Amino acid sequence: MDPKEAKERMKIPRQDMPEQDPGERVRNFYEVAYGYTPEQAVTEARRCIQCKTPLCAAGCPVGIDIPWFVRLIAEGKFVEAAWKLKETNGLPAVCGRVCPQEDQCEKVCVTGKRGKPVSIGRLERFAADYEREHGETAIPEIPRRTGKKVAVIGGGPAGLTVAGDLVKRGHGVTVFEALHTPGGVLVYGIPEFRLPKNIVAAEVEYLRRMGVEMECNAVIGKLETIDELLSGGFDAVFIGTGAGLPYFMNIPGENLVGVYSANEYLTRVNLMRAYEFPEYDTPVIRGRRVVVVGGGNTAMDSARTALRLCPEEVTMIYRRSMEEMPARVEEIHHGAEEGLKFQFLTNPVRFVGDDEGRLKAVECVRMGLGSPDESGRRRPVPAEGSEFCMDCDVAIIAVGNGANPLIPQTTPDLKLTKWNNIVADGETGRTGKKGVFAGGDIVRGGATVILAMGDGRRAANSIHEYLTTGVW
Amino acid sequence: MFEIKEKKKLAHLVTLLRVKAPRIAEKRKAGQFVVLRLNEHGERIPLTIADSDPVEGTITIIVQEVGKTTALLSNKLEGDAILDVVGPLGRPTHIENYGTAVCVGGGIGTAVTYPIGRALKEAGCKVVSVIGSRTKDLLILEDEMRSVSDELFITTDDGSYGHHGFVTNVLEEFIAGKRKIGMVIAVGPVPMMRAVAQVTRPHGILTMVSLNPIMVDGTGMCGSCRVTIAGQNRFVCVDGPEFNGHEVDFNELIRRNRSYLKEERMAMEEFVYHEGARCYERRGD
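Those protein sequence lines, which keep their order, are chains L and R.
Here the first sequence stands for residues 304 to 775, where the numbers follow the working numbering.
Here the second sequence stands for residues 1053 to 1337, where the numbers follow the working numbering.
By construction, these hints were calculated from the structure, which means they are not laboratory data.
All figures in this text were calculated on a predicted structure; none of them were measured in a lab.
A hint or two may mislead.
What the hints assert, rightly or not - Mimicking DSS-like on lysine-lysine, the simulated pairs with C-alpha atoms at most 25 Å apart in a straight line are:
# : chain 1 : residue 1 : chain 2 : residue 2
1 : R       : Lys1178   : R       : Lys1081
2 : R       : Lys1079   : L       : Lys452
3 : R       : Lys1314   : L       : Lys663
4 : L       : Lys416    : L       : Lys314
5 : R       : Lys1081   : R       : Lys1173
6 : R       : Lys1178   : R       : Lys1059
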């Protein structure tokens, strides 16, 4: 692109994505952001100066050819853009919504050096939505069947990526999902207003049409062990079971009625649709005053979900300050717009209950920031004598997840870390057990959808290599 | 979909269902449970597997109507199907030859005691069973328990059948009679399990109980089923369902099981109002 043209393009202002009004959306579970119109998408795509060595693509965990798909949008070839995305990303409509682009592709965007970066995530979402809504989903040509079979344990982002990549190479793939519907954290964790469930269902359906078999209600480790899968006709196994065991804080009162793990709260509301109780059978305590403990994306999802169940007040309690919050800036902003309150540099020390064992208050302590810890963030230190009480009848604990024990319990030769995560090679996903690969949160601890997908991509490559060469 | 092959009424509000689930039937061991969901709008509830037939490919569950979901389930007919059945979940009962093993079953808890009693019997234990209910009409699995027990005692709270009193009365007599007991397994309403644990504690008799907290996923992911065991938080779905009764905080469990009383009542009322009439009509009673 000649420099003059590039200069012109960089003058185009970044296109805002239309959103539901905060006062309105906090009373419903519909998606917050509407997405670009075709005109907006073309304008935004034209902001890309088509760098010769695109830094953005290098910043993408699944290696999407970003300039290429953006150029297709700029040319009005929306469906082709979606196909381009799908060459490297099995779940573009999901990633366009939930990836932390500001820390990845958009962070290194050259257009962003002078002004704001190209809205790569929003464009990804636009192309994928356009394709889905216009019924032009293309099924790629599947090569001749190799006759090899792969068992994928867990139907979340990592597992679905592995499944898509391997079925495209002609391998037989069966996904074993413990819950009654595939999607993992995309269906039980991330709320409807951030990621509508019909989008996940459409992406899963796409994999099905490519030939991936989905077996729900199948808890591996219980129904069948990994060894039984390997001796029962599967040539390789990928473990992508996610971060499946919520941490609690081990403070008094944590088992009072009204104290939830974020996993339970979100599962009840998202997967089981408790927000439509009694239309749906699963209840959730809506509460009058809700506190959410934690500062990550799960905490933010919990808080914004709680806001939509119409309590008087929802407050996030975080032991560091806003700058250290791991949640996406966009989500913090959305939460604040919706009326979410914050108590920074605060940590709960005790939950207080009434005579019937129901939560009525939380006692907190103020924190100061001491010297940096191993994560480089300043370590929070409790300020003595600063204890105070806050009334609340629902508390949601979102302080992270440990590893689920079901698979290690029945697979004694899998190597584990001291936190019980599965040890797997970062480049290949290989575990110490022949034919068994792993990736996503079961290896990383709590991370993001896209990092799990990146693991899935690399594991799929090395599974393919293993199936082709037979060399472990 | 999981087809209901057989349905049998065991007592007032208590129904036995034999459900086609070949892979679960093949794998399950005594003490394990399934989580099921009846339909797209349904909640996920845990139910213990009372029995299985690997040849037929069926599992047996016994359900007591206590709310909307259990009422809907009890009103299903042979040939109807359950949308989701997942399992076998939980750790199997630890079975060994304890010498004399006392199996205590209260109310519908006997459905859990039965497969455990049978496994203990097969392991060579002398099985002494004590099963009880509020009244004669609510007693279940008497013949089945007799078939796996060397001795069987029956109690009813109102004296309408067997000993007049509680299962703990029989257990106390048993202990007073200086008979050596290797272990006690007690399954039933939480207050009953708490009472059994209180009776055996002074005598240091190993007492296992099978807990029934509220669950959602049943695989360790949500923590809804957490209970305090010896001061530690444990998840019943993956660490249990059986624990040493002397270490369980039963009062906490009782309180947690009452988390949604208001919502459960509301759901049941709506159900009876909207769908009940239709269901009862269909069932013909």
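Which of the stated hints cannot be reconciled with the structure, identified by number in ascending sequence? Violated: hint 6 alone.
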